[in-house]
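Asks: Protein chains in written order, with the numbering used here: chain F, 1 to 111; chain D, 1 to 112.
There could be a bad hint or two in this list.
[Said to hold, decoys possible] No more than 27 Å apart at the CA atoms, straight line, and that leaves these computed lysine-lysine pairs for DSS-like:
1) F:LYS71 with F:LYS58
2) F:LYS42 with F:LYS58
3) F:LYS57 with F:LYS15
4) F:LYS71 with F:LYS15
5) F:LYS58 with F:LYS68
6) F:LYS42 with F:LYS57
7) F:LYS58 with D:LYS26
8) D:LYS26 with F:LYS42
9) F:LYS5 with F:LYS71
10) D:LYS26 with F:LYS57
11) D:LYS26 with F:LYS71
12) F:LYS57 with F:LYS5
For the record, the hints were derived by calculation from the structure and aren't laboratory data.
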Amino acid sequence: QQQVKQSPQSLIVQKGGISIINCAYENTAFDYFPWYQQFPGKGPALLIAIRPDVSEKKEGRFTISFNKSAKQFSLHIMDSQPGDSATYFCAAYQEGGKLIFGQGTTLQVKP
Amino acid sequence: DAGVTQSPTHLIKTRGQQVTLRCSPKSGHDTVSWYQQALGQGPQFIFQYYEEEERQRGNFPDRFSGHQFPNYSSELNVNALLLGDSALYLCASSQNRVQPQHFGDGTRLSIL
Chain F
1 QQQVKQSPQS LIVQKGGISI INCAYENTAF DYFPWYQQFP GKGPALLIAI
51 RPDVSEKKEG RFTISFNKSA KQFSLHIMDS QPGDSATYFC AAYQEGGKLI
101 FGQGTTLQVK P
Chain D
1 DAGVTQSPTH LIKTRGQQVT LRCSPKSGHD TVSWYQQALG QGPQFIFQYY
51 EEEERQRGNF PDRFSGHQFP NYSSELNVNA LLLGDSALYL CASSQNRVQP
101 QHFGDGTRLS IL
């Protein structure tokens, strides 16, 4: 019940294309859903986050879509750039609990 | 504005030894959480410190222990090291145990 399942494991997108990463969860008590971006040799950096009272949040080229009834959320990267090539992690958090991470998606954006 | 800083960046130990990793939280943050990230995996929560006490703990054995100091910095101690303890150890800080958490670049621990 504490798991967060992330897919796909890896993704290759052409420059200018849309990258889509999906996550699913079981615990309906989760109330905060962040996405982290991690480059090799670096720690995860917070990219964007959403709470379950909204269905979509957009920051620049990054959008989170949230489907509370399906217990799924996704990250969309518009106009993907080679500099976006990194590993992306979704996560879920319950107040008073711990941050649970997905398994990660390695994104490669080809020029 | 300094972010989360961790030391050392790399460490090599042998089985059975003990290790101490250090973390200074982002300025203004008072909560420190530690994570273990195995190669190719997502970070796994070890424990969280707030007001110098362990507040939450993940599924890690007692060989993993920690401490938080009055200046909010923290240490992670691992005793009786096993080969499986080889990983990137990440520290994250936040304010009043509230999200979001900000991560440091981690300590890469290798066990020989």
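Asks: Each hint needs a verdict: does it hold in this structure or not?
Replies: Outcome of the hint check:
1. F:LYS71 with F:LYS58: holds, 19 Å
2. F:LYS42 with F:LYS58: holds, 25 Å
3. F:LYS57 with F:LYS15: Judged against 27 Å, a Cα distance of about 23 Å means the pair holds.
4. F:LYS71 with F:LYS15: violated, 30 Å
5. F:LYS58 with F:LYS68: Holds: LYS58 of chain F and LYS68 of chain F sit about 17 Å apart, inside 27 Å.
6. F:LYS42 with F:LYS57: Holds. LYS42 of chain F to LYS57 of chain F sits at ~26 Å (cutoff 27 Å).
7. F:LYS58 with D:LYS26: holds, 26 Å
8. D:LYS26 with F:LYS42: holds, 16 Å
9. F:LYS5 with F:LYS71: holds, 11 Å
10. D:LYS26 with F:LYS57: holds, 26 Å
11. D:LYS26 with F:LYS71: Distance ~32 Å between LYS26 of chain D and LYS71 of chain F Cα, so the pair is violated.
12. F:LYS57 with F:LYS5: Holds, because 21 Å separates the two Cα atoms, which is no more than 27 Å.
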